[in-house]
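Number of protein chains: 2
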Amino acid sequence: MESATKTVTIAAAKQFVSRCITAAGALPAHSDQMAETLIMADHRGHYSHGMNRLEMYVNDLKQSIADGHIKPAILKESAATAHVDGRNGLGPVVGKFCMDLAIKKAKESGVGWVVAKGSNHYGIAGYYALQASSQGLVGFSFTNSSRIVRVNRSSFYGLGTNPIACAAPGVDGDTFVLDMATSAVSFGKAEVNARKGIPIPDGWGADKEGKVTNDPQAVLDGGGMLPLGGSEETSGYKGYGLAMMVEVLCGILGGSNYSMNIRKWGTTGETADLGQCFIAVNPAMFGDGFEDRMQDLMDSHRNLAPADPEKPVLVAGDPARIHMKKCEELGGIPYPARVIEYMNGVGKSLEVPPM
Amino acid sequence: MESATKTVTIAAAKQFVSRCITAAGALPAHSDQMAETLIMADHRGHYSHGMNRLEMYVNDLKQSIADGHIKPAILKESAATAHVDGRNGLGPVVGKFCMDLAIKKAKESGVGWVVAKGSNHYGIAGYYALQASSQGLVGFSFTNSSRIVRVNRSSFYGLGTNPIACAAPGVDGDTFVLDMATSAVSFGKAEVNARKGIPIPDGWGADKEGKVTNDPQAVLDGGGMLPLGGSEETSGYKGYGLAMMVEVLCGILGGSNYSMNIRKWGTTGETADLGQCFIAVNPAMFGDGFEDRMQDLMDSHRNLAPADPEKPVLVAGDPARIHMKKCEELGGIPYPARVIEYMNGVGKSLEVPPM
Chain A
1 MESATKTVTI
11 AAAKQFVSRC
21 ITAAGALPAH
31 SDQMAETLIM
41 ADHRGHYSHG
51 MNRLEMYVND
61 LKQSIADGHI
71 KPAILKESAA
81 TAHVDGRNGL
91 GPVVGKFCMD
101 LAIKKAKESG
111 VGWVVAKGSN
121 HYGIAGYYAL
131 QASSQGLVGF
141 SFTNSSRIVR
151 VNRSSFYGLG
161 TNPIACAAPG
171 VDGDTFVLDM
181 ATSAVSFGKA
191 EVNARKGIPI
201 PDGWGADKEG
211 KVTNDPQAVL
221 DGGGMLPLGG
231 SEETSGYKGY
241 GLAMMVEVLC
251 GILGGSNYSM
261 NIRKWGTTGE
271 TADLGQCFIA
281 VNPAMFGDGF
291 EDRMQDLMDS
301 HRNLAPADPE
311 KPVLVAGDPA
321 RIHMKKCEEL
331 GGIPYPARVI
341 EYMNGVGKSL
351 EVPPM
Chain B
1 MESATKTVTI
11 AAAKQFVSRC
21 ITAAGALPAH
31 SDQMAETLIM
41 ADHRGHYSHG
51 MNRLEMYVND
61 LKQSIADGHI
71 KPAILKESAA
81 TAHVDGRNGL
91 GPVVGKFCMD
101 LAIKKAKESG
111 VGWVVAKGSN
121 HYGIAGYYAL
131 QASSQGLVGF
141 SFTNSSRIVR
151 VNRSSFYGLG
161 TNPIACAAPG
171 VDGDTFVLDM
181 ATSAVSFGKA
191 EVNARKGIPI
201 PDGWGADKEG
211 KVTNDPQAVL
221 DGGGMLPLGG
231 SEETSGYKGY
241 GLAMMVEVLC
251 GILGGSNYSM
261 NIRKWGTTGE
271 TADLGQCFIA
281 VNPAMFGDGF
291 EDRMQDLMDS
301 HRNLAPADPE
311 KPVLVAGDPA
321 RIHMKKCEEL
331 GGIPYPARVI
341 EYMNGVGKSL
351 EVPPM
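One line per chain: the protein sequences are A and B, in this order.
Just so you know, we're using the numbering used here here: the first sequence kicks off at 1 and counts up by one.
Just so you know, we're using the numbering used here here: the second sequence kicks off at 1 and counts up by one.
Hints are not guaranteed to be accurate.
One copy or two, it doesn't matter: identical chains are merged, so the pair holds either way.
[To be verified] Okay, derived cross-link-like pairs now, DMTMM-like style, lysine to aspartate or glutamate, Cα gap no bigger than 20 angstroms in a straight line: (1) K311 <-> E233; (2) K211 <-> E233; (3) K62 <-> D32; (4) K76 <-> E108.
What the hints contain is simulated information worked out from the structure, not anything from laboratory work.
Just chain A, with the same shape it has in the complex (with noise of 0.2 angstroms):
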């Protein structure tokens, strides 16, 4: 049973968060950036990738198998281009390094096209791609993962929920935000699903044998998730095809760990050295008039007649308008009091204050 619902303040969230990844071993710079990602993806309602992994990035920290003090590295670059060596730093701190670079490059040149080895989780992709679209950009991010999807025709794990995000500027602040693994659902749906204790819809996920499975559990010990598209009648090596793309765009380009020899998913045995890319791209460079198209794309979607009345037709980056307007209401990010429980213990070993 799900118990009562706490909201907590974005402030005192990532003041939380901060503290926690400083305990740990980050510097606060660090900590911040971190806390900032994952609070935007509390806010945003992708829970999955918020507080809920606080604790793997305290366990990387205090295995010391990832490095809270250092500074990325530009090892190749030119007007477009970057690549940059992540030295094994927080996820975030590389991502915003890297995308901070894409942006200059693509004020300057049309397109910054930035490439990471030697990175970490980095949080939701959706937060790099909308660093680009709120300096009126459009901005792409993408990063390699621990295997956990089920290659199609077989029942081997080859690679992870490589995930996709894109943002674009509208008029007004409106934004575009597709942000998706490229699996039918990611992995933290599922982690949360488990913890829950709510079954997984057909289509999801795979027990360790590749069956497909409702018990989000099975999934997590030994399954792993399907590719986007299902089956292969069904066009699931669609999603297999995107997922290996990402990979391209990552582990491939850039160097780094890819594919089947990233670390397992949860361990810290080895550093994860993971390949991420970032691309921003001035869409001055093209037809005139980007933001109004843009904002009649969306708009003309959001105002079809709905097939259910009772559910409006959304455009990407919808959802999360909607679950931040509602934490607007309601003055905070609301969490299952268990969640808050459970993170509070997690700050105690590390001798950090509750929320």
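Please arrange chain B on chain A, whose structure you already have, making use of the hints.
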């Protein structure tokens, strides 16, 4: 019942298509480019985007709604970007021009990002991505298209099958080639099934009320495709989001028609004014050893034990490779005899000798 198969040499098939396009009013060089792309589709086994589409291109030319003489114009240009007006030229002519430009920019600046407006249907998206990969680059190509994909939560059709193509070179000519509609399947596949009288599986398409159907004709008669992922519960909103991302890259960046203002499928009452995006990236700007990693990524997947020994694990591009090998053994491309008969009829009306 499907009739017997006829094999046509690649040269004869190209010559026939080129003659038909020329007879319909295009310059021979434009007709040759159209033939290159259509017959590459058939050669790779993407029959839905090959000669099967000949009549549509012929009609566009005969009704002077597409221009078989025009040269695309560069409207804006930087070291890494170009905005191109296709000037209503044939899609393959515009596409080849744009990707050639992107390749040149990628070799000089690391990235070439070219967006066209004023284009027409350009055949398989993979053709252009392969242009880049054959030069040692990573290539991407995207196009918008007539709306035929059901918008999630609505019975309206707001976006096209908006494909994503990505090609990346491995070693010795081996190549990763993702070439996929962001709908569950391409519209062309429903066309082929309708022509052959074969029902379609659940999750491919919907009838005009927006209900899932197994009748390909109902999909063609005012119905439409479902986005990749199918229903909302199995993440169809991701396919819908990807289709919109492609529209951002094409019509919204390019300033062409987009989404609901693109002419209806198969009509020739107004120009198509499609938007298309072509990206080439030079892997030499990032981690050394790209091609070796790419090969290892592909081979490590192909070498996984298959769940069904009859069905080896494949990588995007392998089905095309298998089909091309079959063509090599046959000495040409196999077509159903009734398709050849139909196409020769199209040729006859243009006074083009049969294949």
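Structure-based check of each hint:
1. In this homomeric assembly, K311 and E233 come within 20 angstroms of each other (Cα to Cα) only across copies, at 13 angstroms, whereas the closest approach inside a single copy is 29 angstroms.
2. In this assembly of identical chains, the alpha carbons of K211 and E233 lie at most 20 angstroms apart whether taken from the same copy (16 angstroms) or from different copies (19 angstroms).
3. Taking the shortest Cα distances, K62 and D32 sit within 20 angstroms of each other inside one copy (17 angstroms), while across copies they are farther apart (63 angstroms).
4. Proximity of K76 to E108 under the C-alpha cut-off of 20 angstroms is found in both arrangements, the shortest distances being 17 angstroms within a copy and 15 angstroms between copies.
Of the hints listed earlier, there is not a single one the structure fails to meet.
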